[in-house]
Amino acid sequence: MKKRDRLEIINDILELVSARSAKPTQIMYKANLSHDMLNQYMNELISKQFILEHKDKKGRTYSLTEKGLNFLRDYKMIKGFVDSYGLNS
Amino acid sequence: MSPISPAWFSGFDALFELFFAVISLTISYFAYKIYQLSDQRPVKLLSFSFLFISLAYVARSMSNFLPFLDVISIYTHIILFLTGLSILLYMTLKPNRTTFWVLLAATLLSLVFINNTLLAYYILSSVYLALISWHYIQNFLSNRQTKTLLVALAFIFLFFGSFHFFMSVNHELFYVIGYFLELLAYLLILANLYLVLKK
Numbered sequence: 000m001k002k003r004d005r006l007e008i009i010n011d012i013l014e015l016v017s018a019r020s021a022k023p024t025q026i027m028y029k030a031n032l033s034h035d036m037l038n039q040y041m042n043e044l045i046s047k048q049f050i051l052e053h054k055d056k057k058g059r060t061y062s063l064t065e066k067g068l069n070f071l072r073d074y075k076m077i078k079g080f081v082d083s084y085g086l087n088s
Numbered sequence: 000m001s002p003i004s005p006a007w008f009s010g011f012d013a014l015f016e017l018f019f020a021v022i023s024l025t026i027s028y029f030a031y032k033i034y035q036l037s038d039q040r041p042v043k044l045l046s047f048s049f050l051f052i053s054l055a056y057v058a059r060s061m062s063n064f065l066p067f068l069d070v071i072s073i074y075t076h077i078i079l080f081l082t083g084l085s086i087l088l089y090m091t092l093k094p095n096r097t098t099f100w101v102l103l104a105a106t107l108l109s110l111v112f113i114n115n116t117l118l119a120y121y122i123l124s125s126v127y128l129a130l131i132s133w134h135y136i137q138n139f140l141s142n143r144q145t146k147t148l149l150v151a152l153a154f155i156f157l158f159f160g161s162f163h164f165f166m167s168v169n170h171e172l173f174y175v176i177g178y179f180l181e182l183l184a185y186l187l188i189l190a191n192l193y194l195v196l197k198k
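Residue numbers (numbering that gives the first Met the number 0), protein chains in the order written: chain A, 0 to 88; chain B, 0 to 198.
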């Protein structure tokens, strides 16, 4: 199985968050990430304003921002450009 | 020691340079748009590198339109083009940043201390483009797609184009071949952009 790159992981997380307000454990299992990796990606996505974190009595959930929606909409183009110049870190 | 430009080609070279400037600026613009969508730092750096390269071509073409600015425009071109290539190289040598800093130090020292700045520039840009091309060849080998192939070929042509300018101190035909190789390179870069934007 081909190893996913950064952009693919971000896309997977954002798709899971867009499907419904997802909880961290659901994202972790469905995106196939370790706890540390998930925290790293979620912190990055929050700081870059792709997702919003909501805290209530039941715990944490996430939702997409407009920037996150734009990323999903234009993902194919972003991936094509990034891949062609080998910019995936 | 300067490149020999055939008389019949005079003026055409400026048009070529303006065309390269427009394509580089287009890539810079789209890279910035992609950066705004993805927030990925390497994409922002790519945008800046193509912006510097675009400005470098504008500076070089100025020497054709405003001959009294010849020396200034050549030096401005050298500084802007090498800055653009340095940023590209910085991105491509990610795991080996020491090599980048050594190359940058060598660039600055050679431009300051070597008497023939133009010769130093042609050698340095050829070395930079060879390293960048190698990165894009590896990128194609690890991700075999038309888009990665187009970019790899484009940088290989840019490298050979730069090498031909270096050779043009001996024969004027190399000067013209250099421009046509660069033209081919920028057309490939444009073709790649078309494939990326195609829905």
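Treat the hints as calculated values from the structure; they're not laboratory data. Heads up, the beta-carbon is just placed ideally off N, CA and C, and yes, glycines get one too. There could be a bad hint or two in this list.
Derived DEER-like restraints, expressed as beta-carbon distance ranges [said to hold, decoys possible]:
(1) 54/A x 190/B: 20 to 30 Å
(2) 145/B x 69/A: 53 to 63 Å
(3) 53/A x 110/B: 53 to 63 Å
(4) 166/B x 29/A: 52 to 62 Å
(5) 19/A x 74/B: 24 to 34 Å
(6) 69/A x 170/B: 34 to 44 Å
(7) 144/B x 52/A: 30 to 40 Å
Residues on chain B that point at chain A, a partial pick, calculated with CB under 10 Å [unchecked claim]:
(8) 22
(9) 25
(10) 44
(11) 45
(12) 47
(13) 62
(14) 63
(15) 96
(16) 142
(17) 194
Consistency of the hints with the structure:
1. 54/A x 190/B: 20 to 30 Å: Given about 49 Å between the Cβ atoms, the range is violated.
2. 145/B x 69/A: 53 to 63 Å: With Cβ atoms ~26 Å apart, the hint is violated.
3. 53/A x 110/B: 53 to 63 Å: 55 Å, holds
4. 166/B x 29/A: 52 to 62 Å: At 57 Å between Cβs, range holds.
5. 19/A x 74/B: 24 to 34 Å: Once the Cβ atoms are compared, 59 Å apart, the range 24 to 34 Å for residue 74/B and residue 19/A is violated.
6. 69/A x 170/B: 34 to 44 Å: 52 Å, violated
7. 144/B x 52/A: 30 to 40 Å: 36 Å, holds
8. 22: 15 Å, violated
9. 25: The hint is violated - residue 25/B has no Cβ within 10 Å of chain A, the shortest such distance being about 13 Å.
10. 44: At 9 Å from the nearest chain A Cβ, residue 44/B passes the 10 Å test, so the hint holds.
11. 45: Since the shortest Cβ distance to chain A is 6 Å, the answer is holds.
12. 47: 13 Å, violated
13. 62: 30 Å, violated
14. 63: 31 Å, violated
15. 96: It is violated, given that the least Cβ distance between residue 96/B and chain A is near 13 Å, above 10 Å.
16. 142: Nearest chain A Cβ about 6 Å off; hint holds.
17. 194: This interface hint holds because 7 Å falls under the 10 Å limit.
The structure fails hints 1, 2, 5, 6, 8, 9, 12, 13, 14 and 15 (numbered hints given earlier, in ascending order).
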